[in-house]
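Can you build the whole structure from these sequences, using the hints too?
Same order as they appear, the protein sequences are chains A and B. 265 is the number of the first residue of the first sequence in the working numbering; add one for each residue after it. 265 is the number of the first residue of the second sequence in the working numbering; add one for each residue after it.
It is possible that part of the hints are untrue.
Put simply, identical chains are the same to the list, so a pair is met inside one copy or across any two.
[Unchecked claim] Each computed BS3-like pair below joins lysine-lysine, with the alpha-carbon atoms no more than 30 angstroms apart:
1) LYS477 x LYS395
2) LYS314 x LYS299
3) LYS322 x LYS576
4) LYS497 x LYS299
5) LYS521 x LYS477
6) LYS497 x LYS440
7) LYS628 x LYS395
8) LYS299 x LYS395
Please keep in mind that the hints were generated in silico from the structure rather than gathered at the bench.
Single-letter residue listing:
Number of protein chains: 2
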Amino acid sequence: MQAELIFTGNELLHGFVLNTHAQFLGMELARLGIKVTLHTAVGDDWDTMKAVVSEAHKRSELIIITGGLGPTTDDITKEVVAEVLGVPMVIDEASLAQMRAFFAQKGQELPALFTRQACFPAGSRVLPNYKGTAPGALIERDGRVIVILPGPPRELEAMFKTSVEPYLAKMPGRKKILRTRHLKLTGIAEYAVQDLLKGLGGQGNPSLAYVAKPGEVHVRVYAQHDDAATAEKMVDELLTKVRDIVGEYVFAVDDEKPEEIAGQKLLAHRMNIAVAESCTAGMLGAKLTEVPGSSRYFLGGTVVYSNFLKEKLLGVPPEVLKRYGAVSEETALSMADGVRRLAGSDLGLGITGIAGPEGGTDQKPVGLVYIALTSGSKRICRRYVFPGTRHAVRKGAVNASLQMINNFLT
Amino acid sequence: MQAELIFTGNELLHGFVLNTHAQFLGMELARLGIKVTLHTAVGDDWDTMKAVVSEAHKRSELIIITGGLGPTTDDITKEVVAEVLGVPMVIDEASLAQMRAFFAQKGQELPALFTRQACFPAGSRVLPNYKGTAPGALIERDGRVIVILPGPPRELEAMFKTSVEPYLAKMPGRKKILRTRHLKLTGIAEYAVQDLLKGLGGQGNPSLAYVAKPGEVHVRVYAQHDDAATAEKMVDELLTKVRDIVGEYVFAVDDEKPEEIAGQKLLAHRMNIAVAESCTAGMLGAKLTEVPGSSRYFLGGTVVYSNFLKEKLLGVPPEVLKRYGAVSEETALSMADGVRRLAGSDLGLGITGIAGPEGGTDQKPVGLVYIALTSGSKRICRRYVFPGTRHAVRKGAVNASLQMINNFLT
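Structure follows, in structure tokens:
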């Protein structure tokens with residue numbers, strides 16, 4: 265079975281609204297094992313919409329159309345579908361009664377315009393709208409299914425969950441169930457990850473895909489199978505192999521938030537932390553405190569953009585700065601020790617690096633970052649060269665810092 | 265002239281990524297008076313992509329295609345376009361040299377895979393990528409134009425602005441010109457902004473629209489006219505009226521970046537700044553240092569999440585903390601003075617507040633934030649109650665801090 269999605273509305277074409285339906289429906293259908301081949305967004309224009317729906321109807325067994333169910337004259341979706349299918353529009357008395365009741369609640373009569381919302385292509389199964397007034401429709405014809413959903417996201421999502429998902433889950437001809445998991449890596453470029461993983465294949469089923477974001481690379485594993493448990497097993501096995509090879513760069517698995525894990529681990533170890541940031545200038549503190557209640561383990565820290573403050577606040581010895589430079593293992597360790605002493609914390613973390621675009625040299629290129637973590641008994645430091653822009657280098661340093669905290673606290 | 269947009273990438277079909285390109289390009293083309301009739305999203309599948317590009321090429325004078333320009337085997341966009349147009353792929357030596365230089369900066373050789381990024385359909389005008397390594401392409405053929413842009417939003421947006429917009433602005437056959445400008449406000453809720461502006465109308469042409477984001481509300485003014493200058497005048501007049509009413513909340517106009525303006529103003533005044541952050545925990549330092557070269561005016565600061573650090577690092581008197589509380593005008597001013605003294609800076613800025621979700625009281629609700637800015641001769645403090653989530657409160661405080669710096673330095 266092949267499916268496609270059609271989104272209607274001039275506001276989408278003109279970019280006044282972000283198309284969140286594409287994400288929601290795309291993900292829900294993938295989860296159900298329904299293969300979506302195309303998304304189309306089209307304006308409230310009869311001829312173009314008719315051409316799009318008509319082409320889709322020739323190609324695909326399942327079409328989901330969103331938007332254009334309202335009472336005004338630019339809401340034409342149901343009428344276009346009726347014309348493509350060659351059926352008349354008919355009134356649904358039950359829907360009309362419900363809309364009357366909805367307005368009666370507010371002491372109002374049903375405005376005449378709204379009668380259109382109770383009209384559907386003949387043969388429609390009417391889908392109730394519990395979050396608004398415009399019902400949706402599901403039409404089975406010639407072995408094909410067209411589903412029409414309202415435009416407002418709250419209404420669409422509720423209607424999909426209550427009426428459409430149970431229907432689709434019973435449809436025959438679903439392809440294989442798609443399962444997917446992903447790893448998030450930092451401190452390595454996308455092409456280098458691909459190079460390390462090229463021996464795994466990953467072109468068929470299960471497969472591998474890569475997405476590069478500032479400061480991170482996502483490796484996504486997909487598998488399809490008729491049986492959900494088998495699909496999951498295929499994903500997990502390949503994920504384990506990926507992890508065996510690039511595990512040292514992994515800072516998050518699936519949608520876990522490394523800053524939350526750091527918080528949980530610090531609480532479990534009854535430890536607190538303070539941070540000394542140079543090139544990230546507060547980004548790590550900001551990230552750690554995105555977690556509500558982080559004041560239980562995050563004391564604060566210093567943003568030491570200048571060497572003067574590195575010396576004055578953190579007690580980094582001038583000889584260290586002079587001999588090894590502000591961007592060095594020695595300075596990072598000294599910053600971590602210094603902020604630990606200053607804040608009286610169990611752990612101290614220091615970040616120093618060259619975010620760019622200026623300031624790089626042959627020995628110390630843009631992207632070079634040292635991150636150090638120290639406790640009373642242990643001092644570690646790791647050297648990174650983060651690829652990409654200033655923004656990517658800084659984001660990478662934050663991700664790597666969280667990874668370091670989480671590896672430190674086993 | 266009719267235009268359509270094609271977005272490539274399995275991640276879009278499966279909903280793993282929100283299609284922000286649709287919004288950006290839709291809005292930019294509307295602004296240029298180019299009528300977009302269709303958006304299509306298609307996976308990294310040769311046959312489907314070829315069918316989509318081929319149909320679009322029959323229908324539309326302008327096609328913009330995004331994504332699939334990377335070095336890996338699932339990046340097939342340029343090859344598909346070459347096949348649809350019936351032209352060979354050719355190597356662009358200049359692009360190759362640039363990519364070599366990009367890697368050489370980091371002391372690395374160009375990985376062999378990347379050679380693909382320098383190959384284009386014959387007859388392409390190569391569009392430089394200032395934010396990444398994959399160049400785009402613009403192909404004129406048989407009176408039709410195909411533009412190919414990279415997938416990462418930062419790269420796409422920069423390339424569109426520098427290379428594509430100037431080209432499109434000269435194309436004949438454009439329709440009614442849409443002009444739009446916007447103001448960014450902070451420290452006020454969306455409904456309150458709408459309420460203040462309801463007297464302005466803004467339903468027709470020109471019109472007003474509102475978008476709420478974490479920590480900010482955007483008020484957008486639109487106008488359409490055959491004549492660009494008239495459309496601009498309509499927009500500017502309504503924008504001025506909006507500003508007369510809600511000016512005190514405006515922290516940015518159009519796409520200006522308040523952190524860049526702060527940097528320019530500090531440089532112009534030959535002043536530097538240090539910041540003491542409590543509830544924002546580093547977000548202001550991180551934002552100020554997004555600007556390359558910010559070390560010329562940003563010295564650093566402290567993240568003082570605990571009262572202990574507020575006293576120890578910034579010298580906030582314990583009596584102040586006890587009598588007025590950590591979230592108070594007195595504490596904010598004392599933090600600003602303290603960090604100024606500590607860093608030896610011209611300006612000191614202090615932020616203290618309750619980001620939530622816990623910690624609010626009747627007198628001091630979640631969202632309450634005091635921001636203080638002090639110099640040798642002047643001390644100011646403003647009280648805010650930011651609406652929304654923890655994230656929104658913290659973002660709002662950063663926006664308001666930048667606004668305060670920029671208003672302070674006239």
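Subject >> Hints violated by the structure (numbers, ascending) >> reply: 3
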